[in-house]
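*Asks:* Each chain is listed here by its residues.
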Amino acid sequence: MSDTTTEDSTQNGPVLAADGTPLRRSLARALRRQKLRALMLIAPLLIFIMVTFILPVADMLYRSVENGIVSETLPRTVVALADWDASGDTPPDEAVFAALAADMQIAAEEKTHTKLGSRLNYENPGMSSLFRKSGRQVRRWDLETDAPFMEKFLDIDEDWSDIDVWRTIQTYSPSTTSGYYLAAVDMQLGADGPEMRPENERIYLKLFGRTLMMSLAITLSCIALGYPVAWLLANLPMRTSNLLMILVLLPFWTSLLVRTSAWKILLQQQGVINDILVWIGLVSDDARLVMINNQLGTIIAMTHILLPFMILPMYSVMQSINPSYLRAAKSLGATDWTAFWRVYFPQTVPGIGAGSILVFILAIGYYITPALVGGTTGTFISNRIAFHISTSLNWGLAAALGGILLAVVLVFYWAYDKFVGIDNVKLG
Amino acid sequence: MLDQGSDAFVVFDKVQKSYDGQTLVVKDLNLSIGKGEFLTMLGPSGSGKTTCLMMLAGFETATHGDILLDGQGINNIPPHKRGIGMVFQNYALFPHMTVAENLAFPLEVRKLGKSDREAKVKRALDMVQMGDFANRRPAQLSGGQQQRIALARALVFEPELVLMDEPLGALDKQLREHMQFEITRLAHELGITTVYVTHDQTEALTMSDRVAVFNDGRIQQLDPPDTLYEEPKNSFVAQFIGENNSLEGTVKELNNDTAVVQLDDGGLIDCKPVNVNKVGDRTKVSIRPERVEYRSERFQEGAHLLKAEVLEFIYMGDVFRTRLRVAGRDDFIMKCRNAPDQIRLKPGETVNIGWMPEDCRALDA
Ligand SMILES: Nc1ncnc2c1ncn2[C@@H]1O[C@H](COP(=O)(O)OP(=O)(O)OP(=O)(O)O)[C@@H](O)[C@H]1O
Ligand SMILES: [Mg+2]
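First to last, the sequence lines map onto chains A and B.
Numbering-wise (this note's numbering), the first sequence opens with residue 1 and increments by one.
Numbering-wise (this note's numbering), the second sequence opens with residue 429 and increments by one.
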């Protein structure tokens with residue numbers, strides 16, 4: 001067959017290119033060159049995104065489950081502790097304490113024991129000081145002669161006989177852990193698997209719920225305020241609509257901090273709005289409204305800040321709707337309202353969808369504004385993440401919270417795609 | 429035919445329209461359309477055709493004058509109560525509804541029952557032979573199919589008056605001709621009064637009962653197609669409708685139904701005075717290419733002839749189209765039927781041309 005094909009390619013062999021190579025191969029070669037060139041064109045951006053976005057995100061996601069610190073700092077103890085029965089009520093035996101002494105001496109030398117202490121402190125408060133105190137003492141011991149170590153540890157601190165301390169060390173000795181994620185949803189690893197934390201220690205679920213509800217409220221108020229504006233933008237004569245467009249974009253050109261602070265001035269109890277309300281007598285002087293440092297303040301300020309992200313996609317969709325649709329509807333006998341509701345509105349849904357996705361996703365991860373005007377009741381989960389990143393330095397928990405936030409956004413995106421269809425989103 | 433009387437269904441009475449308060453887009457429009465009539469508004473771009481349609485449909489208000497529908501003034505009736513079917517230039521089919529939903533829309537807003545609606549939608553779809561497409565979206569239809577749906581939608585609620593704004597503008601020639609036929613057939617079958625806008629003169633001539641030629645915000649002539657073609661009242665209409673030869677000159681002699689015009693290069697021709705008043709008036713005479721003759725046996729006794737040089741001979745199948753230089757102009761066209769005895773003139777030949785005086789109309793300059 002291979003012999004005849006070269007002679008009579010039109011009948012039964014592969015089609016040949018002008019230079020005699022099979023057409024398929026020469027096409028593939030030509031395409032490969034094209035693809036390579038395209039790849040080279042986007043390479044700078046790709047590398048940039050990899051380095052500044054994908055790698056950090058991957059790193060954070062890794063941190064949210066990473067837990068090498070216990071087995072790295074206390075390698076011998078982890079091995080010795082493997083056989084210990086955590087469900088009993090006796091502390092481990094002398095072998096474990098000897099291993100701990102050996103590990104601690106090295107760790108204290110390298111000053112890694114305090115780090116381990118603060119890591120374990122997230123799971124069991126008190127561990128930090130226990131490790132710091134023990135580290136100081138263990139450095140002076142002689143491993144050859146000073147056995148047995150069990151008593152010596154107990155001399156340093158009674159807590160070394162506490163089953164919970166050993167349970168914590170054993171639980172967190174594997175190099176990965178679900179502990180951060182459990183903590184992020186107000187759970188913990190108990191003796192028999194994951195369990196809810198005590199009522200008074202639960203904060204994150206509530207915070208997630210509040211973040212979602214407030215983001216939803218912000219999205220809805222952006223739709224309600226933005227829709228008429230977008231409609232005006234799309235339907236006013238050129239000159240007026242350009243002016244209006246500048247007003248819409250104006251917030252983009254002002255610093256976020258300035259805008260947020262402006263809301264503080266407007267909304268505070270001695271602020272402009274309260275003053276006016278008191279002046280016209282709607283509100284009595286001793287019952288001024290509390291509109292800032294709470295949920296209301298956050299919703300107002302964030303609606304203002306995110307409004308352009310709602311208006312712009314809606315505008316671009318509305319602009320592409322030919323006015324003859326409305327005329328057609330009316331000529332067919334529809335009243336103004338029916339024409340709007342049955343003909344115009346459905347065509348603007350893609351714009352609303354695009355704006356809502358943008359605003360919702362931006363809102364759910366927003367940080368500065370809730371931090372400034374949120375007070376205690378108006379803060380978002382992102383403020384908690386920031387707290388763990390920069391103040392408590394519990395990066396694992398921060399990463400887990402961030403990971404959950406990412407998952408929530410993806411779930412919303414998926415749900416939107418499922419029920420509305422992502423190809424129904426139009427940004428312009 | 430100018431039925432100002434009782435059977436006038438739509439009347440424009442001294443209607444003017446200005447958008448900007450400075451220029452009149454429609455100047456003094458007087459028009460009455462009989463019931464069941466198919467009237468076409470024909471005119472160049474920007475002559476105010478769409479504006480007239482929009483005033484009738486209620487999307488623009490007349491600056492001055494009255495529009496009457498079935499004897500009642502409609503200036504103050506909102507568009508959705510006028511009950512006028514409309515086919516838009518871009519069809520304006522609702523993209524988010526299926527074909528059937530599009531058609532059901534006018535019935536729904538009229539609160540018809542479901543079974544009634546379905547029956548009417550089906551009938552309307554069958555009428556335009558689109559019964560199989562009920563569940564498609566407009567975007568999944570070809571231009572011609574969309575056009576038919578737009579037509580069906582304008583007709584489904586049985587309006588007495590239908591307005592169509594260049595509905596066939598986007599179609600290819602064959603589909604266009606087919607649709608022209610369909611639209612006239614439907615309009616006559618259903619007895620609908622139709623106002624049709626186009627700037628395609630063939631369309632206007634083949635479809636209409638009467639054609640209103642628009643220019644510069646005025647109706648230049650309002651007549652049935654044959655009258656319009658054969659007896660244009662002014663040189664704009666003569667130029668705009670069909671192919672036309674136009675020669676400029678001065679009136680030399682003027683009798684009741686004949687005149688002699690001296691062309692600018694001195695040649696004399698016979699014509700019929702239409703728009704000239706006295707000897708010495710400037711005039712443009714208009715002759716249809718198919719009425720030009722070059723064979724001496726067909727001329728009248730004593731007719732004035734012109735010398736013409738053949739510049740180009742174009743074979744077009746059914747006709748021969750010959751371009752001539754006449755009276756210093758080299759865009760004079762003569763059309764001869766491709767008959768067995770027809771001669772094919774050669775470039776460079778010189779012939780004498782002439783015509784029956786009544787085919788040559790002396791119009792305004
Ligand atoms: N909404 C408007 N505002 C201002 N001027 C307008 C408006 N609509 C039309 N015009 C002007 O009125 C004149 C007539 O417009 P119209 O649309 O009636 O023309 P037309 O005869 O339908 O032309 P075409 O064949 O191109 O559709 C044009 O000069 C146009 O510029
Ligand atoms: Mg028009």
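Treat each hint with caution, since some may be false.
Reference listing, derived: stretches of chain B covered by chain A, where coverage requires no fewer than 3 residues with Cβ under 8 Å from a Cβ of chain A [unchecked claim]:
#1 510-519
#2 786-792
To give a feel for the contact side, a few chain B residues facing chain A, derived at Cβ under 8 Å [said to hold, decoys possible]:
#3 PHE487
#4 ALA528
#5 CYS764
#6 ASN766
#7 ALA767
Each pair of labels, with its calculated beta carbon distance range [stated by the list, open to error]:
#8 A:ARG239 - B:GLU676: 42 to 50 Å
#9 B:LEU618 - A:PHE252: 52 to 60 Å
#10 A:VAL420 - B:GLU546: 48 to 56 Å
#11 B:GLY597 - A:VAL420: 32 to 40 Å
#12 A:TRP414 - B:GLY449: 51 to 59 Å
#13 A:ARG259 - B:GLY449: 52 to 60 Å
#14 B:LEU496 - A:TRP414: 31 to 39 Å
#15 A:ARG259 - B:LEU496: 37 to 45 Å
#16 B:GLY597 - A:TRP414: 39 to 47 Å
Hints were generated in silico from the structure; no laboratory data involved.
Cβ coordinates follow ideal geometry from the N, Cα and C atoms, glycine included.
*Asks:* Compare the structure with each hint and give your call.
*Replies:* Hints, one by one, checked against the model:
1. 510-519: holds (count 8)
2. 786-792: Contact hint for the region 786-792 of chain B vs chain A: violated, 0 residues under 8 Å.
3. PHE487: 5 Å, holds
4. ALA528: 14 Å, violated
5. CYS764: Nearest chain A Cβ about 46 Å off; hint violated.
6. ASN766: With a minimum Cβ separation of about 45 Å from chain A (threshold 8 Å), the hint on ASN766 (chain B) is violated.
7. ALA767: 49 Å, violated
8. A:ARG239 - B:GLU676: 42 to 50 Å: Check passed, 46 Å falls within 42 to 50 Å.
9. B:LEU618 - A:PHE252: 52 to 60 Å: With a Cβ separation near 56 Å, LEU618 (chain B) and PHE252 (chain A) satisfy 52 to 60 Å, so the hint holds.
10. A:VAL420 - B:GLU546: 48 to 56 Å: 29 Å, violated
11. B:GLY597 - A:VAL420: 32 to 40 Å: Between GLY597 (chain B) and VAL420 (chain A), where Cβ atoms are some 35 Å apart, the hint holds.
12. A:TRP414 - B:GLY449: 51 to 59 Å: 56 Å, holds
13. A:ARG259 - B:GLY449: 52 to 60 Å: Check failed, 42 Å falls outside 52 to 60 Å.
14. B:LEU496 - A:TRP414: 31 to 39 Å: Given a distance of about 60 Å, which is not inside 31 to 39 Å, the answer is violated.
15. A:ARG259 - B:LEU496: 37 to 45 Å: 58 Å, violated
16. B:GLY597 - A:TRP414: 39 to 47 Å: Since GLY597 (chain B) and TRP414 (chain A) have Cβ atoms about 44 Å apart, the given range 39 to 47 Å holds.
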